[in-house]
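Number of protein chains: 2
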Amino acid sequence: MLRIFAIAVLGLAAAWAGPTWAYDGIVEKKTFSMATYTTQGGRTIKDVKVGWESYGKLNDARDNVILVTHFFSGNSHAAGRYAATDAAPGYWDGIIGAGKPIDTDRFFVISSDTLVNLSTKDPRTITTGPASIDPDTGKPYGMRFPVVTMRDFVEVQKALLESLGIRKLHAVVGASMGALQAFEWAAAHPAMVERIVPVIGGAEADAFLVGWLDIWASPIRLDPNWKGGDFYGGAEPVEGLALALKIVTLHARAAGWADRTFGRKWADPAKNPADAMGNRFAIEDTLDKAATARAKTSDANHFLYLAKANQLFSAGHAASLEEGLKPVKARTLLIPASSDLVLPPYLAARAATILKANGTPVETVTIEGDGGHLDGVLAIAKAGDAIKAFLAR
Amino acid sequence: MLRIFAIAVLGLAAAWAGPTWAYDGIVEKKTFSMATYTTQGGRTIKDVKVGWESYGKLNDARDNVILVTHFFSGNSHAAGRYAATDAAPGYWDGIIGAGKPIDTDRFFVISSDTLVNLSTKDPRTITTGPASIDPDTGKPYGMRFPVVTMRDFVEVQKALLESLGIRKLHAVVGASMGALQAFEWAAAHPAMVERIVPVIGGAEADAFLVGWLDIWASPIRLDPNWKGGDFYGGAEPVEGLALALKIVTLHARAAGWADRTFGRKWADPAKNPADAMGNRFAIEDTLDKAATARAKTSDANHFLYLAKANQLFSAGHAASLEEGLKPVKARTLLIPASSDLVLPPYLAARAATILKANGTPVETVTIEGDGGHLDGVLAIAKAGDAIKAFLAR
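If you're matching them up, the sequences are chains A and B in order. Numbering of the first sequence is given in full-length UniProt numbering, commencing with residue 1 and proceeding in unit increments. Numbering of the second sequence is given in full-length UniProt numbering, commencing with residue 1 and proceeding in unit increments.
Just so you know, the hints here were simulated from the structure itself, not pulled from any lab data. Hints may be right or wrong, so weigh each one.
The list makes no distinction among identical chains, and a pair is therefore deemed to hold if it is satisfied within one copy or across any two copies.
[Stated by the list, open to error] For lysine-lysine, the following DSS-like pairs were computed, each having C-alpha atoms within a straight-line distance of at most 25 Å:
id : residue 1 : residue 2
1  : LYS46     : LYS30
2  : LYS227    : LYS271
3  : LYS57     : LYS289
4  : LYS227    : LYS139
5  : LYS296    : LYS329
6  : LYS326    : LYS46
7  : LYS329    : LYS227
8  : LYS296    : LYS139
9  : LYS271    : LYS296
Next up, chain A with everything else stripped away, as it sits in the complex (with noise of 0.2 Å):
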């Protein structure tokens, strides 16, 4: 009564944005093994571990299920808290909860970590990568682990599924990274996947952004503590590596946020810029210190391996993007944002285009906003309603 209460004053958005109506059962971290897990190039990796977590509950026909898939620089953890005491919940608490969205008091909402995962120093990060250590060598595979792809991340999370007795997706939803994984699970497995939710996400990686990951990663093989990846028990790539994640945290943004978050300030009120080399603006020195903190949970040649995973990505891995949607089957709602200059809408719109050739039915709602790629993630709320009605139909 009293939510219907407070729905009604505040208005859904801000109902849901607000952290008033966050998932409250307390979040478990799980993790999923596999004795052995095989590449789609063929190669084979030994004691495989992902992560993961749920919010609801899972009904007996076992066909209520939400896969929430994660960004680049996200993990499993979505929705509520894993201690009354946590600072903050979830990065889509917003709208995964009961009465939310994405209800769970209707679905069991299910989220992993991805292989190759960049937070491998975080303790509630469960992955498998070049950091981890090959049973074959007693030492972490560096480089020498195998390329993996978008698909992967779905065939590890379809055995996670499997392992609990799920064999139908009511919908798979994520943001940016999650997007595509998105796509990829309805081009790959079309009879499982009812309906999609791409946010801020796009069907392929265009050349533009090909070009852009690769920038991304640059950083980090011209640390020379990298050493081709072999740093491990060394001093680690950690300057590469913030400058890496300094370029995403910017090109993720947008003009009008940091216009409305800086301006011109200083770093220093004492320090102006016009008088030494040194002396910064306040966004340059706000940026630096952010990818600095965000480094230290970060691993350089797991950033490496998430590019190549992003820039490989072409939905259904055909000869072209039209044969790789073709068997599709899911309902689509592609939610792109307005001020995105990672993955901007022209890309939902391509794979949009693509889609209603082939009569998949497709509904496109657009985040409008000024905050750049991670409106998908921090105003996902704006898109709240649509994702409701999108789940009920």
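Here the structure of chain A is known, so what remains is to put chain B in place on it, guided by the hints.
Just chain B now, with coordinates in the frame of chain A:
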């Protein structure tokens, strides 16, 4: 007669874009020297030298002058050839020459290399900056060179013009960083500047651009050969500089260009990027090769000083941009490019709003295209009619 026929048949834009009507005088690079120059920051530099060149004839009244200000990685070679055998003419040869929009039959067109010009190792670029020998120490300045701003670039150009007896500019025309100089000219010396044509520019670096310029510059500082700028005489930070130039090159383009030029083609048709971490896409390989080649003629410290000058830019350098633009009297033709991601059209629009509120006549002509920022250099012929008409008013 032949010319008139060709224009009628081909259309004006095509005629201007082609080499047929190239400036046909032989261009001579000259040097302008100042015993001392004192920066806006109050530091005095000795033995300042900048290169310059001109096309067309200065009239007796010395009032037929168009100053062309160059872009970040450019120099004063805006038109014509140094020798008949030159592979290519200056960068805006399509619009500068006899009978062209910037008509050398009528105007004396002059351009100078800026202070801290990037291309210190290009024998046709003459500049003073961190790579120059400090007469007081007999060693290169390195990072001890004073911070310089757009205003400093303008003041050195003004001294050059005054040495030629020029006290009036029919127009200042420039692309990108050249547009910033045009705004600065109009704000700093309103009585001297009758018209400005800022192409792909804005009147102030906003926070987003300040952040991007920092990202452009960051790989240089990451290169262990940079050594705080004291690399002269030893191994130079060519890899960091090449990465900096690679970022600039992609940032100055757009998705349509990348799609048309590369698509998802592989660098080597025998090496599928999915097969190995080292196998690459064509766009990655081409950008790397181009950047490595450009790094050979560039200086890493000069890059840092140029990035700083661009970050510091706010026309008129007043408490607000409104204040800074208040003195401007120059009739203004703004030419943004629709797909520009470096200095997007909103920056030109912001300048136009302020100038109009001041009563300054402003026109805007947008170059429509999908080539990004560089459309302001490579597709300038599309605005040829507008430039010609504007200069005639």
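Each hint tested on the structure:
In this homomeric assembly, LYS46 and LYS30 come within 25 Å of each other (Cα to Cα) only inside a single copy, at 19 Å, whereas the closest approach across copies is 68 Å. Only between protomers do LYS227 and LYS271 lie at most 25 Å apart by alpha-carbon distance; the minimum there is 23 Å, versus 37 Å within a single protomer. Proximity of LYS57 to LYS289 under the C-alpha cut-off of 25 Å is found in neither arrangement, the shortest distances being 40 Å within a copy and 54 Å between copies. Only within a single protomer do LYS227 and LYS139 lie at most 25 Å apart by alpha-carbon distance; the minimum there is 15 Å, versus 34 Å between protomers.
With identical chains, the CA atoms of LYS296 and LYS329 are never at most 25 Å apart, being 42 Å at best within one copy and 53 Å at best between copies. Taking the shortest alpha-carbon separations for LYS326 and LYS46, neither the intra-copy value of 33 Å nor the inter-copy value of 69 Å comes in at or below 25 Å. When the C-alpha separation of LYS329 and LYS227 is checked against a cutoff of 25 Å, the pair qualifies neither within a copy, at 45 Å, nor between copies, at 57 Å. Taking the shortest alpha-carbon separations for LYS296 and LYS139, only the intra-copy value of 21 Å comes in at or below 25 Å, while the best inter-copy value is 40 Å.
Taking the closest pair of Cα atoms, LYS271 and LYS296 never come within 25 Å of each other, the shortest separation being 28 Å inside a single copy and 34 Å across copies.
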